[in-house]
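**Student:** Residue-level listing of the chains:
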Amino acid sequence: MSQDQELIRTDIGAYLQRQQHKSLLRFITCGSVDDGKSSLIGRLLYESKMIFEDQLAALASDSKRSGTRGGSIDFALLVDGLSAEREQGITIDVAYRFFSTDKRKFIVADTPGHEQYTRNMVTGASTADLAVILIDARKGVLTQTRRHSYLVSLLGIRQIVVAINKMDLVEYSADAFRRIEAEYQEFARKLGVGDVVCIPVSAVAGDNVVAPSPRTGWYRGPSLLEHLETVELAALPDLEPFRMPVQWVNRPSADFRGFSGLIARGAVRVGDLLRVLPSGRSSRVAGLMSGGGTAALAVAGESVTISLTDEIDVSRGDVLATADAPPAVANRFEATIIWMHEQTLVQGRAYLLKQGTKTVTATLAPIKHRIDVNTLEELPAKRLALNDIGVCSVELSSAIAFEPYRDSRALGGFILIDRLTNDTVGAGLLHHAERRSQNVHWQALDVNKHARARLSHQKPCVLWFTGLSGAGKSTIANLVERQLHADGRQTYLLDGDNVRHGLNKDLGFTDEDRIENIRRVGEVARLMVDAGLIVLVSFISPFRAERQLARSLVEPGEFFEVFVDTPLATAEARDAKGLYKKARRGDLPNFTGIDSPYEPPENPELHLDTAALSPEAAAALVIARLRESQIIDVDLTWEI
Amino acid sequence: MTSLTHLQRLEAESIHIFREVVAECEKPVLLYSIGKDSSVMLHLARKAFAPGKPPFPLLQIASGWDFREMLEFRDATARRYGLELLVHTNEEGARTGVKPWTPGTAYSDLMLTQALRQALDSHGFDAAFGGGRRDEEKSRAKERIFSFRSPQHRWDPKNQRPELWQLYNARKNRGESIRVFPLSNWTELDVWQYIHLESIPIVPLYLAAPRKVVRRDGRLIMVDDERLPLAPGERPETLSVRFRTLGCYPLTAATVSSAVTLPDVIREMLLASGSEREGRLVDQEGAASMERKKQEGYF
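Line by line, the protein sequences give chains D and U.
Residue numbers for the first sequence follow numbering that gives the first Met the number 0, beginning at 0 and rising by one.
Residue numbers for the second sequence follow numbering that gives the first Met the number 0, beginning at 0 and rising by one.
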């Protein structure tokens, strides 16, 4: 800093000139609660003069009040942010810190190292170029050290610095340092991480943090800050193939149409031949704008707007790529999933998946295994809980252009979003396409749904009756079908109990099996709609997500969710099949309403209150709704 | 080899954020506070959508106590770039007679926090860009770039969505809105450097000039108009001063300075011993006051 300080005083113009050529290094710090991580970051901020006097005064008074250093300055207090967590004495989330030196600007992702916060570490690591892993010199390589290293390497960080901290508490012993260094290097080799540098430090005393320490004469390597300032940054964009997910189509007037996005890899020049994926059409770069002005060349990391020589169809979610080396396109992958939500990932359930600028529906099944982040062992699993990591197959509703995560974070990384709560529930890393999707194609058929339905004078649809066991679903569905049949309609009733005797007889009542049960019935209902039938489905179908999935399988307007609403007490009092009695005795585990939840529909097409309606009146309401929606009594001239 | 400087990387990231919001949200707005961070945000927004204009309006919350020069600059800026400018004041709040010097938090609650909520609700904006930076203050350091607010505009720091790579989840539940901070990863120095490098216009109050001020509790308060009540013994004097941060004039302390050019300002900033928010009286209502305010809906 001294050089900079001098230049600021004497020649601010020259200083600013130099600042403009600084590079940026983003890194993450990983350590356990007592490894001294906050102290280390606080020390870096302090030593690089990022702390102002008013902040320092606040720090001094805070140190007296809640510091752990007996009244002397506690650097950790500089970085422990929210008041709630300061009271608990731990950091609970990801915080970003900034400092700069003569050579570089740094962004530090500060994340806690507790077991339950894998989520935070993965978040911090996703944007980091380098990781600083802290080890307490008194304790050596611990389980959490291995966990942190695994996560960091999983997220594709190639540069690792191991700060062996608290050297002051082991009398700056070279032996202690070398023992830990050797053990870590051995582990890193197994993990397959690239560059590992070990540095002996004391965050509290300041040894080897900024300047080389006289107390570790036996150590010849750089101080931590020296290393951070000089370490080589990522690959050369010029040598990589060009990729850019299209973020936004810029069309301010009739005479300009540009495609905006952040370049994920490589470089692009005016005149380059590009391919649009997944459509596969190609065109040349007519013009390039970067930073608001025209440019001849742009590279990875720049936000640009590209115009093409041909009027071809390009929209948000497409990927522009070097024409002769485009990324692959697929809709079924193997991926590593990091689960980040209290609500567990259940295989078979559909989520939204966002990769690049594209959002599609994804089904995760099967889960191949879970990884124990402490031992790296592969364990069998049917679900993933918060902070679990697993490998599974991912099937998408439509194909996307992608690259393996190890080649491209931007085209290989994705997030998973819950369709009902909109929460980000997981993150994933794409590895490779799975064969199945590449070899099975849709067969185009000439006689379609509309042709079949026209022959039978009805519009096909699904009437999806949902509700508790004993609510009266099958009774009402049966009455509706009888009426339709009497009117000459072609129908089919899929009944939960009946289907479980055949198609679904291999399924039980766990959440996973219930999801698969509904998925199959949804698919059967779809085929029957395609065949031109009015399909009545009478299934408890307790989860919103699966009913939503069944709805998404048919076209808008073809799905009628009929909520047969009966209070639990009433259904249980009826207990026609004696099931509630059994469930109460504990003989029937996972029974909906007793020990397995029922999620009532939020916006059903029909809400039948069976406390107020007889089954006949309820059935009449369903028929009336079909008439109103022109499913039956349709004008026979409706379009094909 | 072509590698980007730190400012180029920050610029690209901010532009990406602007475009993502426009692509995924229905009705965004740019919270324009007229200060240097807003100037940089507006500059980046114009770059993001060039050769077109930013497809959203500017919204300014006028407390009635803004510096006159700020309002002139605001109107000139909107005119120069041909942008829609919305100005909102909490008239009901003003009628209660609350003044910037009213003890307690009533003034900032009514004229800033409530005013902002009213404006966002009445226009139905589902995303609002703000100039907040993570280096400003500890609780900001943990806030996401896409930061969700409940229908009551509350921020829940314990319930934030994880933000990975450059993938932002902009999906809202009914009634929720998003505050988006495109400058999250910028520092105060980055902002000044970028203004210098790109010659971005800023309010002249950031540069030193002779201005009429009074000394009050060790701070210099500018007498911007005749409404500022003077205590017995308070005598306005003309000093060469400038401002590091801008807000309501009775609550914004000036610093004595001779920095009349941008490089001079940057030099003073780099050699200064106080942080940026020191001059902002609203933020000093007590430890953790910022976190509390944000939970209540302050930007």
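Each hint should be verified, as a subset may be incorrect.
[Claimed, not checked] List of simulated lysine-lysine pairs, DSBU-like, C-alpha gap at most 35 Å:
(1) U:Lys52 x D:Lys367
(2) U:Lys52 x U:Lys26
(3) D:Lys381 x U:Lys52
(4) D:Lys367 x U:Lys26
(5) U:Lys157 x U:Lys26
(6) D:Lys381 x D:Lys504
(7) U:Lys141 x D:Lys102
(8) D:Lys580 x D:Lys448
(9) U:Lys26 x D:Lys381
(10) U:Lys141 x D:Lys21
(11) U:Lys141 x D:Lys138
(12) U:Lys26 x D:Lys138
(13) U:Lys141 x U:Lys98
(14) D:Lys21 x U:Lys52
(15) D:Lys381 x D:Lys581
(16) U:Lys211 x D:Lys381
[To be verified] Footprint (simulated), chain U over chain D, 3 or more residues, beta carbon under 8 Å:
(17) 17 to 31
(18) 122 to 129
(19) 248 to 256
(20) 267 to 273
(21) 419 to 433
(22) 472 to 481
These are calculated hints, taken from the structure and not from any lab test.
None of these values were measured; they are calculated from a predicted model.
Cβ atoms here follow ideal geometry from the backbone N, Cα and C, with glycine treated the same way.
**Student:** Are three or more residues of the segment 419 to 433 of chain D within 8 Å, CB to CB, of chain U?
**Tutor:** Per the Cβ count (5), the hint holds.
**Student:** Are the Cα positions of Lys52 of chain U and Lys26 of chain U separated by 35 Å at most?
**Tutor:** 15 Å, holds
**Student:** Are the Cα atoms of Lys21 of chain D and Lys52 of chain U separated by 35 Å or less?
**Tutor:** The hint holds at about 31 Å.
**Student:** With a Cβ-Cβ cutoff of 8 Å, does the segment 17 to 31 of chain D contain at least three residues near chain U?
**Tutor:** holds (count 6)
**Student:** Taking a Cβ-to-Cβ distance below 8 Å as contact, does the segment 267 to 273 of chain D have at least three residues touching chain U?
**Tutor:** violated (count 0)
**Student:** Holds or violated: Lys211 of chain U and Lys381 of chain D, Cα atoms, limit 35 Å.
**Tutor:** Violated, at about 72 Å.
**Student:** Given the hint that Lys381 of chain D pairs with Lys581 of chain D, does the C-alpha gap stay at or below 35 Å?
**Tutor:** 27 Å, holds
**Student:** According to a criterion of three or more residues whose C-beta lies within less than 8 Å of a C-beta of chain U, is the segment 248 to 256 of chain D covered?
**Tutor:** With 5 residues in contact (Cβ-Cβ under 8 Å with chain U), the coverage given for the segment 248 to 256 of chain D holds.
**Student:** At a Cβ distance under 8 Å, does chain U reach at least three residues of the segment 472 to 481 of chain D?
**Tutor:** As far as the segment 472 to 481 of chain D goes, the hint is violated, because 0 residues have Cβ atoms under 8 Å from chain U.
**Student:** Take the segment 122 to 129 of chain D, compare each residue's beta carbon with every beta carbon of chain U, and decide whether three or more fall closer than 8 Å.
**Tutor:** holds (count 3)
**Student:** Next pair to validate is Lys141 of chain U with Lys21 of chain D; report whether the Cα-Cα distance is within 35 Å.
**Tutor:** 25 Å, holds
**Student:** Mind checking the alpha carbons of Lys26 of chain U and Lys381 of chain D for me, to see if they're no more than 35 Å apart?
**Tutor:** 41 Å, violated
Comparing the model with each earlier hint shows violations of hints 1, 3, 4, 8, 9, 12, 16, 20, 22; every other hint is respected.
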